[in-house]
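Chains V and R, in that order, are what the protein sequence lines are.
Take the first sequence: its letters are residues 1 to 363, numbered as in the UniProt record's numbering.
Take the second sequence: its letters are residues 1 to 293, numbered as in the UniProt record's numbering.
Hints may be right or wrong, so weigh each one.
As the list claims (entries may be wrong) - To be clear about the criterion: a stretch of chain V counts as covered by chain R if any three or more of its residues have a C-beta under 8 Å from a C-beta of chain R, and this derived list gives those stretches: (1) 66-78; (2) 98-108.
Said to hold, decoys possible - Straight-line alpha carbon distances no greater than 20 Å define the calculated SDA-like cross-link-like pairs of lysine to any residue that follow: (3) K36(R) - M272(R); (4) K94(R) - G213(R); (5) K184(R) - K114(V); (6) K95(V) - S198(R); (7) K105(V) - K184(R); (8) K102(V) - S196(R); (9) K114(V) - D126(V); (10) K102(V) - S198(R); (11) K184(R) - P22(V); (12) K108(V) - R195(R).
Quick caveat, the hints were computed from the structure, so don't treat them as lab data.
C-beta atoms are modelled at their ideal positions from N, C-alpha and C, and glycine is treated no differently.
So you can see what is in the structure, the chains are spelled out below.
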Amino acid sequence: MAQVTLDSVRKIYPNGVEAVSPASFNIPDGEFVVLVGPSGCGKSTLLRMIAGLEDITDGALSIGDRVVNTLDPADRDIAMVFQNYALYPHMTVRKNIAYGLKNRKTPKDIIAQKVDEAAKMLNLTDYLDRKPAQLSGGQRQRVAMGRAIVRDPALFLFDEPLSNLDAKLRNQMRIEIKALQRRLGVTSVYVTHDQVEAMTMADRIIVLNSGKIEQIGTPAEIYHNPASTFVASFMGAPPMNLVAGELDSGHLSFAGLSLPVHADHRGPVTMGVRPEDLVIDPDGQLHMEVELVEELGAHRLLHGMVDGQRLTVHLTKEIKAHTGPLRLSCHPDRLRLFHPETGKRMDAQMATQPRTQTESVAS
Amino acid sequence: MKRAGFDSRWLPILLLVPQLTIIAVFFYWPAVYALKSSFFLQDPFGFGQTFVGLENYTSLFDSSEYLKVANFTVLFTVLVTFFSLALALLLAVKADNVLRGAKTYRTLLMWVYAVAPPVAGFMGLLLFNQRWGPLMELFGHFGWEFEMGADYSDTAFAMIMISIWKQVPVNFIFFLSGLQAIPKAVREAALIDNRSASGRFWDVTFPLLAPTGFFLLIINITYALFDTFGVIDTVVRGEPSNNPMTLVYKVYVDGFRGNDLGGSSAQSVILMVLVLALTVFQFRMVERRIHYT
Ligand SMILES: Nc1ncnc2c1ncn2[C@@H]1O[C@H](COP(=O)(O)OP(=O)(O)OP(=O)(O)O)[C@@H](O)[C@H]1O
Ligand SMILES: [Mg+2]
Numbered sequence: 001m002a003q004v005t006l007d008s009v010r011k012i013y014p015n016g017v018e019a020v021s022p023a024s025f026n027i028p029d030g031e032f033v034v035l036v037g038p039s040g041c042g043k044s045t046l047l048r049m050i051a052g053l054e055d056i057t058d059g060a061l062s063i064g065d066r067v068v069n070t071l072d073p074a075d076r077d078i079a080m081v082f083q084n085y086a087l088y089p090h091m092t093v094r095k096n097i098a099y100g101l102k103n104r105k106t107p108k109d110i111i112a113q114k115v116d117e118a119a120k121m122l123n124l125t126d127y128l129d130r131k132p133a134q135l136s137g138g139q140r141q142r143v144a145m146g147r148a149i150v151r152d153p154a155l156f157l158f159d160e161p162l163s164n165l166d167a168k169l170r171n172q173m174r175i176e177i178k179a180l181q182r183r184l185g186v187t188s189v190y191v192t193h194d195q196v197e198a199m200t201m202a203d204r205i206i207v208l209n210s211g212k213i214e215q216i217g218t219p220a221e222i223y224h225n226p227a228s229t230f231v232a233s234f235m236g237a238p239p240m241n242l243v244a245g246e247l248d249s250g251h252l253s254f255a256g257l258s259l260p261v262h263a264d265h266r267g268p269v270t271m272g273v274r275p276e277d278l279v280i281d282p283d284g285q286l287h288m289e290v291e292l293v294e295e296l297g298a299h300r301l302l303h304g305m306v307d308g309q310r311l312t313v314h315l316t317k318e319i320k321a322h323t324g325p326l327r328l329s330c331h332p333d334r335l336r337l338f339h340p341e342t343g344k345r346m347d348a349q350m351a352t353q354p355r356t357q358t359e360s361v362a363s
Numbered sequence: 001m002k003r004a005g006f007d008s009r010w011l012p013i014l015l016l017v018p019q020l021t022i023i024a025v026f027f028y029w030p031a032v033y034a035l036k037s038s039f040f041l042q043d044p045f046g047f048g049q050t051f052v053g054l055e056n057y058t059s060l061f062d063s064s065e066y067l068k069v070a071n072f073t074v075l076f077t078v079l080v081t082f083f084s085l086a087l088a089l090l091l092a093v094k095a096d097n098v099l100r101g102a103k104t105y106r107t108l109l110m111w112v113y114a115v116a117p118p119v120a121g122f123m124g125l126l127l128f129n130q131r132w133g134p135l136m137e138l139f140g141h142f143g144w145e146f147e148m149g150a151d152y153s154d155t156a157f158a159m160i161m162i163s164i165w166k167q168v169p170v171n172f173i174f175f176l177s178g179l180q181a182i183p184k185a186v187r188e189a190a191l192i193d194n195r196s197a198s199g200r201f202w203d204v205t206f207p208l209l210a211p212t213g214f215f216l217l218i219i220n221i222t223y224a225l226f227d228t229f230g231v232i233d234t235v236v237r238g239e240p241s242n243n244p245m246t247l248v249y250k251v252y253v254d255g256f257r258g259n260d261l262g263g264s265s266a267q268s269v270i271l272m273v274l275v276l277a278l279t280v281f282q283f284r285m286v287e288r289r290i291h292y293t
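Sequences are here, hints too, so could you generate the full structure?
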């Protein structure tokens with residue numbers, strides 16, 4: 001087990017694409033970090049550089065206290081789980097799991113014991129003598145996990161390991177992987193484009209956008225205090241509402257809403273509010289025209305327009321809703337302001353509330 | 001799977017008739033004819049024939065010359081098959097390392113397939129050209145008076161070399177596409193599991209190439225046994241006297257040069273049995289072979 005440190009790690013492919021702009025962060029020992037971002041943002045590239053499957057163009061990567069830039073993948077003390085499992089099709093499950101140990105000169109009896117343990121842990125005991133082709137997708141996924149855990153590596157790497165599974169299995173495996181990681185305490189880097197996976201599994205999330213790190217933070221920080229409009233709209237389903245508002249000396253105004261605020265910025269701003277932070281309020285200043293009610297069982301989503309801009313409202317199941325006019329209000333604490341051009345979050349203090357509510361303090 | 005059916009029993013048979021006719025006329029009829037004439041002794045001038053039973057066969061196996069040719073054929077087949085497969089595999093593995101990702105190179109190398117067999121054979125011959133072949137010069141430097149077509153072992157050497165030379169590109173292409181078909185992630189998983197490149201090759205790459213390799217093994221044995229006729233004919237230049245040759249070439253020499261149709265037919269029948277055995281072996285192996293999915 002080990003910590004992982006990236007110091008300005010950068011990747012430029014031979015064709016000139018800068019897939020990862022200089023990235024620096026530290027993963028403490030035992031932490032589960034999720035790399036998330038849209039397709040093509042460089043998640044896999046970053047992970048593969050850590051694995052040693054891709055050269056590092058610039059910067060230093062250390063695992064434990066060794067700089068591993070030039071080490072072969074086999075010498076980095078890592079284990080990786082691939083999206084399409086990458087099992088050896090000609091080997092039985094047992095041999096698949098044992099292969100990495102065999103090449104590390106582990107004594108035969110220890111290998112047998114570790115394989116049995118891993119198989120038990122992953123419910124694979126009955127399948128040890130089958131070939132991968134004779135297994136279901138979920139079982140193959142488990143074999144790939146088994147191959148990783150028997151090695152007792154310093155670092156687990158996962159590249160979208162669940163994306164080939166159906167929704168039900170994905171939920172189940174998500175929990176299993178997380179529980180396993182907790183139990184083993186191995187530092188892990190997990191790549192996904194699924195923000196639910198990111199939110200539920202991560203100790204910390206790293207959001208990537210076209211090769212650049214947008215934000216690093218705990219799931220709660222990422223969710224409640226997104227560093228940019230990109231993070232705000234990428235994380236959360238439905239995403240944060242982003243609407244155009246106006247800041248002038250000491251006031252933020254949007255539609256009928258006018259709030260006192262301390263901010264240096266003047267002029268147009270992007271205002272963000274999570275759908276569940278909008279509440280129905282007969283005296284509310286926001287007049288929404290509800291166009292669609294989405295019934296989701298445990299809750300409902302209202303979609304509609306406020307002053308020509310689209311908003312989504314999240315309601316718990318007790319609250320009835322129908323299309324037509326509706327009045328809403330929003331706690332000023334819950335508002336986030338972003339720069340209209342750069343999309344970066346702006347430090348702003350809502351004047352109406354005392355500062356005790358730490359959540360609203362932009363970091 | 002749903003089976004498409006015919007309403008009438010006769011239609012499918014009718015549709016098969018052209019193909020069956022071709023097979024019958026060009027394959028079965030000559031085969032039956034050869035089988036028949038292998039039991040007769042033909043008059044060299046075409047005046048009738050005498051039934052001699054198995055004598056054509058027994059005299060073959062008593063003939064030290066025939067056994068010598070048979071031995072050479074075995075040696076020739078083993079060497080040609082082994083080296084054309086091994087060299088091609090080596091080249092394919094080297095090329096594959098360079099090719100990962102580089103599509104243009106791959107296309108360029110694939111062209112080899114289109115030009116290879118006839119041109120390669122011709123070039124092989126040029127290399128060994130008695131007057132100005134570059135290899136002659138090379139051998140000369142080592143003091144080796146190379147006499148293709150006159151010295152038994154020199155001729156055998158040239159025959160084997162040219163046959164290998166001609167077959168390597170074909171094998172290369174098959175091995176290369178076999179290698180490229182191995183999923184990238186599987187190789188990468190091996191890269192993490194095993195630090196030794198040769199270990200990865202024998203544990204992962206080679207077994208995954210086995211289906212391609214087995215297919216090529218059969219193709220190459222068949223090639224060495226039968227399709228090297230042209231090479232041999234050019235090398236020995238119709239002077240079979242003291243030169244090495246394979247069984248197939250001997251069928252031609254005895255039948256058309258020696259006018260011994262009976263003996264030549266007996267030899268063909270033996271070769272047919274060999275092909276049959278090879279085919280049965282192949283089907284057995286294909287049935288047993290694991291299909292990776
Ligand atoms: N071998 C390569 N050569 C050149 N460019 C590449 C190569 N591999 C990836 N890229 C480019 O680098 C960028 C990042 O790719 P990467 O595979 O890391 O994305 P990703 O975030 O994993 O996406 P996805 O979610 O679709 O897997 C993309 O623009 C991609 O086109
Ligand atoms: Mg990817």
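Quick rundown of the hints versus the structure:
| no. | hint | result |
| --- | --- | --- |
| 1 | 66-78 | holds (count 5) |
| 2 | 98-108 | holds (count 3) |
| 3 | K36(R) - M272(R) | holds (14 Å) |
| 4 | K94(R) - G213(R) | holds (17 Å) |
| 5 | K184(R) - K114(V) | violated (27 Å) |
| 6 | K95(V) - S198(R) | holds (18 Å) |
| 7 | K105(V) - K184(R) | violated (26 Å) |
| 8 | K102(V) - S196(R) | holds (12 Å) |
| 9 | K114(V) - D126(V) | holds (16 Å) |
| 10 | K102(V) - S198(R) | holds (15 Å) |
| 11 | K184(R) - P22(V) | violated (27 Å) |
| 12 | K108(V) - R195(R) | holds (19 Å) |
In summary, the structure is inconsistent with hints 5, 7, 11 from the numbered list given earlier, while agreeing with the others.
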